[in-house]
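Note that the protein sequences, when read in sequence, are chains A, B, C, D, E and F. When we follow full-length UniProt numbering, the leftmost residue of the first sequence carries the number 1, and every step to the right adds one. When we follow full-length UniProt numbering, the leftmost residue of the second sequence carries the number 1, and every step to the right adds one. When we follow full-length UniProt numbering, the leftmost residue of the third sequence carries the number 1, and every step to the right adds one. When we follow full-length UniProt numbering, the leftmost residue of the fourth sequence carries the number 1, and every step to the right adds one. When we follow full-length UniProt numbering, the leftmost residue of the fifth sequence carries the number 1, and every step to the right adds one. When we follow full-length UniProt numbering, the leftmost residue of the sixth sequence carries the number 1, and every step to the right adds one.
Hints are computed from structural coordinates only; laboratory data are not their basis. The structure displayed is predicted, hence computed values, not measured ones. Among these hints, one or two may not hold up.
In this list, chains with the same sequence are indistinguishable; a pair is considered to hold if it fits within one copy or across any two.
In silico DSBU-like pairs for lysine-lysine, Cα to Cα no more than 35 Å straight-line [as the list claims (entries may be wrong)]:
1. K48 / K23
2. K48 / K19
3. K48 / K26
4. K48 / K22
Number of protein chains: 6
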Amino acid sequence: MPVITIAGNEGITTEAKRKMVKKVSKIVAESYDLPTEAITVLIQSYPKENVGVGGELLSDR
Amino acid sequence: MPVITIAGNEGITTEAKRKMVKKVSKIVAESYDLPTEAITVLIQSYPKENVGVGGELLSDR
Amino acid sequence: MPVITIAGNEGITTEAKRKMVKKVSKIVAESYDLPTEAITVLIQSYPKENVGVGGELLSDR
Amino acid sequence: MPVITIAGNEGITTEAKRKMVKKVSKIVAESYDLPTEAITVLIQSYPKENVGVGGELLSDR
Amino acid sequence: MPVITIAGNEGITTEAKRKMVKKVSKIVAESYDLPTEAITVLIQSYPKENVGVGGELLSDR
Amino acid sequence: MPVITIAGNEGITTEAKRKMVKKVSKIVAESYDLPTEAITVLIQSYPKENVGVGGELLSDR
Chain A
1 MPVITIAGNE
11 GITTEAKRKM
21 VKKVSKIVAE
31 SYDLPTEAIT
41 VLIQSYPKEN
51 VGVGGELLSD
61 R
Chain B
1 MPVITIAGNE
11 GITTEAKRKM
21 VKKVSKIVAE
31 SYDLPTEAIT
41 VLIQSYPKEN
51 VGVGGELLSD
61 R
Chain C
1 MPVITIAGNE
11 GITTEAKRKM
21 VKKVSKIVAE
31 SYDLPTEAIT
41 VLIQSYPKEN
51 VGVGGELLSD
61 R
Chain D
1 MPVITIAGNE
11 GITTEAKRKM
21 VKKVSKIVAE
31 SYDLPTEAIT
41 VLIQSYPKEN
51 VGVGGELLSD
61 R
Chain E
1 MPVITIAGNE
11 GITTEAKRKM
21 VKKVSKIVAE
31 SYDLPTEAIT
41 VLIQSYPKEN
51 VGVGGELLSD
61 R
Chain F
1 MPVITIAGNE
11 GITTEAKRKM
21 VKKVSKIVAE
31 SYDLPTEAIT
41 VLIQSYPKEN
51 VGVGGELLSD
61 R
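With these hints in hand, go ahead and build the complete structure from the sequences.
Structure (structure tokens):
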């Protein structure tokens, strides 16, 4: 705890996930005045047809 | 914002998702008195063996 | 199952929730070809200072 | 309702899911003084590269 | 990781939460063949008017 | 989209939320190669007795 869930599109690289997790964990740990070890990050990958923005599927945009 | 997450079974068609996202976004936008552009919908697809209802896996029903 | 989570701002009326739940449950039930009884809706209320859009707190907009 | 979401690593067997759902549903039903039929469990499977602990991807540990 | 989110009604006692967290953590740890220390549980409390079942608010039942 | 949910303890200041949202939104936007405007952040505040770590309530630690 804290637990950070990042719901994003499919397709980001492992290297991008690695950097994102490192940076986001550090910031959130600092914000809550906790050690980075306390932070869990869950990355959810959504295909475009499973995401709606403004009433439209992303895959239709 | 608002963000709507729909956790459902696998297997609904893209067309069903398209209609569902359009209608649900409109209703929730009206309920919060916001434009439809503000609405995000995330559809999560669960295989039956990853869902429990009444203590049983859906795949065992 | 399905389970619908609606993360929205604080402040919508009970009547607005009542109508939203009724309509959204019906649409999602139809989309998944399931009876409305199968649908669970969870409404989460967020104060504006707990929501960020475009890097800003909603309470700062 | 209640709805229990279990975000875990990929790879647990169907049998392990079956037992987990049965036991967890029973305990949570008892805790809320509700029948087990009221309980929904959603199991989310995360690949190791989609999970960060202590600022590192699980796949890098 | 794993992270367990329990979305339930308001009103269960601290003692009931204590027991539920202890038991659920043990079961899920065993299911994933992990130590209990790895388990995080998040309890979400929903007022009845923020929960819809079968298209109705729980507060209207 | 992306949508970031940060489940953390109660008690962080508005200023800490402001900075956290700004930094986290920027990093995640860069990771997904999207503009910061696309990012939504939801901050969930949990009282210690609603959080379990290692089978214990945080409020008991």
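Hint check results:
Taking the shortest alpha-carbon separations for K48 and K23, both the intra-copy value of 26 Å and the inter-copy value of 18 Å come in at or below 35 Å. In this assembly of identical chains, the alpha carbons of K48 and K19 lie at most 35 Å apart whether taken from the same copy (23 Å) or from different copies (15 Å). Both within a single protomer and between protomers do K48 and K26 lie at most 35 Å apart by alpha-carbon distance, with minima of 29 Å and 19 Å respectively. In the homo-oligomer, the alpha carbons of K48 and K22 lie at most 35 Å apart both inside one protomer (26 Å) and across protomers (15 Å), since each shortest distance falls under that limit.
This entry satisfies every hint, going by the numbered hints stated previously.
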